[in-house]
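There are 2 protein chains.
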Amino acid sequence: MSIMLDEIREQPQVLRKTFIQGWRDVQPFRRFASRSDFRIILIVARGTSDNAAMFGRYLFEATTGIPVSLIAPSIHTLYKSSLRLSNALVIGISQSGEGTDVNLVLESCKAKGAFTVGITNEPDSKMARLVDEVFLVGAGKERSVAATKTYTGQLLLLYLVAWALGAALPADQTRRIPDLAETALDLEKNIAALVERYRFMNQCAVVARGLNYANAYELALKLMETSYVVAERFSSADFLHGPIAMVDRSFPLILFMPPGPTYKGLCEMLRTLQSLNADTLVISSVKVLRRSCRRLILVPGSIKELYTPIPYIIPGQLFAALLARAKGLNPDRPRALSKITRTV
Amino acid sequence: MSIMLDEIREQPQVLRKTFIQGWRDVQPFRRFASRSDFRIILIVARGTSDNAAMFGRYLFEATTGIPVSLIAPSIHTLYKSSLRLSNALVIGISQSGEGTDVNLVLESCKAKGAFTVGITNEPDSKMARLVDEVFLVGAGKERSVAATKTYTGQLLLLYLVAWALGAALPADQTRRIPDLAETALDLEKNIAALVERYRFMNQCAVVARGLNYANAYELALKLMETSYVVAERFSSADFLHGPIAMVDRSFPLILFMPPGPTYKGLCEMLRTLQSLNADTLVISSVKVLRRSCRRLILVPGSIKELYTPIPYIIPGQLFAALLARAKGLNPDRPRALSKITRTV
Chain A
1097 MSIMLDEIRE
1107 QPQVLRKTFI
1117 QGWRDVQPFR
1127 RFASRSDFRI
1137 ILIVARGTSD
1147 NAAMFGRYLF
1157 EATTGIPVSL
1167 IAPSIHTLYK
1177 SSLRLSNALV
1187 IGISQSGEGT
1197 DVNLVLESCK
1207 AKGAFTVGIT
1217 NEPDSKMARL
1227 VDEVFLVGAG
1237 KERSVAATKT
1247 YTGQLLLLYL
1257 VAWALGAALP
1267 ADQTRRIPDL
1277 AETALDLEKN
1287 IAALVERYRF
1297 MNQCAVVARG
1307 LNYANAYELA
1317 LKLMETSYVV
1327 AERFSSADFL
1337 HGPIAMVDRS
1347 FPLILFMPPG
1357 PTYKGLCEML
1367 RTLQSLNADT
1377 LVISSVKVLR
1387 RSCRRLILVP
1397 GSIKELYTPI
1407 PYIIPGQLFA
1417 ALLARAKGLN
1427 PDRPRALSKI
1437 TRTV
Chain B
1097 MSIMLDEIRE
1107 QPQVLRKTFI
1117 QGWRDVQPFR
1127 RFASRSDFRI
1137 ILIVARGTSD
1147 NAAMFGRYLF
1157 EATTGIPVSL
1167 IAPSIHTLYK
1177 SSLRLSNALV
1187 IGISQSGEGT
1197 DVNLVLESCK
1207 AKGAFTVGIT
1217 NEPDSKMARL
1227 VDEVFLVGAG
1237 KERSVAATKT
1247 YTGQLLLLYL
1257 VAWALGAALP
1267 ADQTRRIPDL
1277 AETALDLEKN
1287 IAALVERYRF
1297 MNQCAVVARG
1307 LNYANAYELA
1317 LKLMETSYVV
1327 AERFSSADFL
1337 HGPIAMVDRS
1347 FPLILFMPPG
1357 PTYKGLCEML
1367 RTLQSLNADT
1377 LVISSVKVLR
1387 RSCRRLILVP
1397 GSIKELYTPI
1407 PYIIPGQLFA
1417 ALLARAKGLN
1427 PDRPRALSKI
1437 TRTV
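Chains A and B supply the protein sequences, listed in that same order.
Numbering follows the working numbering, with no gaps: position 37 of the first sequence is 1133.
Numbering follows the working numbering, with no gaps: position 206 of the second sequence is 1302.
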């Protein structure tokens, strides 16, 4: 099959390992954080890790009340601006720990007195050495160019970091996430059949909101990388401010629709899309949605919205990997890509 | 022709009017800001105004050193999170001043003690009434659904707000922007001929970095709204982390390439795109680029990078409006859109 698919399937065990080590490592950080007075969190990352950063943004703001800024690396690396970073926590996320710009930003913020945290899959990386505190994804070597197991591993560590910053995220809930991931993997056979319908799709938009907004970016990126589908990504609110004009019956939309705070707005959007005869694919654990979309990927179980991002991205990853195969492409060898991308 | 095109042409006079009133209004705010100790700037907006917000993000961080967070409205409106906003300046941007979520966020931040600023085209709007300080775009009524003159008006006011916050942006430089806009409008005839080449383009990506990154979003949005082109938008650095896999000879790219800090990285990207035989359209004032892309829109004059965003978006606006016409579409009546979009 493909390395990408193998790595998708490894996720429950990767998440278990990441939780065990992360839970131990986060204890001293929690004690330190409770004595600190972080007024702002800045997160720096690229590619898939930047999608994890976007999840972190929503998670931290929703659960800790600390404002978050997703760093624009060029401000530091090209414009050489000296940001005022008093009481700032700066978090870098990188699978390899070798992203040039991410590490430059971390170094520059550390030199200005910010406390730095790194989330990486590589304990011997430059990032792991330079930050004040490192949290490790326990994914082992990630061989597929399209990152999957490190993305969900990064998300899991962000739950633990949020907990350390005071979020009400009980350990027993976070510990259950690997089981949710395992259940979501049961969807593989259904999705293998489903992707045939999308064999000739060459463009689409992925839509979500709130905690799953990052998943819209991540699924779109997987579709671009592995299946060369021109995949837009939007929040449902932004979509109505212009991009909806693109929609016709030949422009498919994929929506993440967990029950919870974002559900109502997405239902309204789905009704608008129905009136435009759009082709819609919904990822949700709400069965009744079957009636209002063309295709539904039903994520099993009853999952609190706060814990949906990891089990919800797994069918998305499967969709991208299996669609690539259905299109006769090798998802492990995307055109023009290598595993470590060095940008400044 | 079209209302959109008329409004594009109005921009020099709108910018002059906006500067005169803005320059007067910003003086007391500058005195107030110099006594305040703003540690973070949060900006909230939707649609085109959100693209202006993204410009503001780069401008404020690059010229004032104050970290900026682009607000995720759902954190306030759906997750009802209580962000800690000590020493925060919160800026709302809305053409109509009636965006439901934008105003809800401003109200919520004001109630928590943040100082609020509104940038709007409508002096009698809800936003104008609720904020502590309002700056008005002098665009008159904007009748086209696709916003153009209010976008550049918002950008101009953001220069003035940055100046009030301590940025080294001399008034005589900002005052010259309407003249730069006027010169850029001379490109209309060339662009009217150029768009014929893109008559059958139905997807593309728009790429830029730094201060012009917002223009990539804005041009993509205009193309989506008025010409139904599925237009992706990327920073050149992000593009190399995955999306570049989509590129082949039938996937066109539009690049904003001002001389300055972002130029070198974009040149490297252009070389990569050449090696992939991609079809590239560059917007720049650097003549020599003609040799390394398929088509060049040469913005006249020698413009400092800091002041390129307004004159550089104008050929983009013209391109979108004239492409819609070449495609037989009416840019003033996008499918499924109305002028005021109310989302929560």
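These are calculated hints, taken from the structure and not from any lab test.
Note that the Cβ used here is the ideal one computed from N, Cα and C, for glycine as well.
There's no promise every hint is true.
The calculated lysine to any residue pairs, modelled on SDA-like cross-linking and capped at a C-alpha distance of 20 Å, are [to be verified]:
# : chain 1 : residue 1 : chain 2 : residue 2
1 : B       : K1206     : A       : A1341
2 : B       : K1435     : A       : I1162
3 : B       : K1208     : A       : A1341
Output of the computed footprint for chain B on chain A, the stretches with three or more beta carbons under 8 Å from beta carbons of chain B [as the list claims (entries may be wrong)]:
# : segment
4 : 1231 to 1237
5 : 1246 to 1252
6 : 1413 to 1420
Just a sample of chain B residues kept apart from chain A, beta carbon distances all over 10 Å, derived [claimed, not checked]:
#  : residue
7  : S1130
8  : E1157
9  : D1197
10 : K1206
11 : D1228
12 : T1279
13 : L1283
14 : E1328
15 : D1334
16 : P1357
17 : D1375
18 : V1382
19 : A1422
Do the hints match the structure? See the list:
{"no.": "1", "hint": "B:K1206 with A:A1341", "verdict": "34 Å, violated"}
{"no.": "2", "hint": "B:K1435 with A:I1162", "verdict": "34 Å, violated"}
{"no.": "3", "hint": "B:K1208 with A:A1341", "verdict": "37 Å, violated"}
{"no.": "4", "hint": "1231 to 1237", "verdict": "violated (count 0)"}
{"no.": "5", "hint": "1246 to 1252", "verdict": "violated (count 0)"}
{"no.": "6", "hint": "1413 to 1420", "verdict": "violated (count 0)"}
{"no.": "7", "hint": "S1130", "verdict": "15 Å, holds"}
{"no.": "8", "hint": "E1157", "verdict": "5 Å, violated"}
{"no.": "9", "hint": "D1197", "verdict": "7 Å, violated"}
{"no.": "10", "hint": "K1206", "verdict": "15 Å, holds"}
{"no.": "11", "hint": "D1228", "verdict": "19 Å, holds"}
{"no.": "12", "hint": "T1279", "verdict": "25 Å, holds"}
{"no.": "13", "hint": "L1283", "verdict": "24 Å, holds"}
{"no.": "14", "hint": "E1328", "verdict": "6 Å, violated"}
{"no.": "15", "hint": "D1334", "verdict": "7 Å, violated"}
{"no.": "16", "hint": "P1357", "verdict": "4 Å, violated"}
{"no.": "17", "hint": "D1375", "verdict": "14 Å, holds"}
{"no.": "18", "hint": "V1382", "verdict": "17 Å, holds"}
{"no.": "19", "hint": "A1422", "verdict": "17 Å, holds"}
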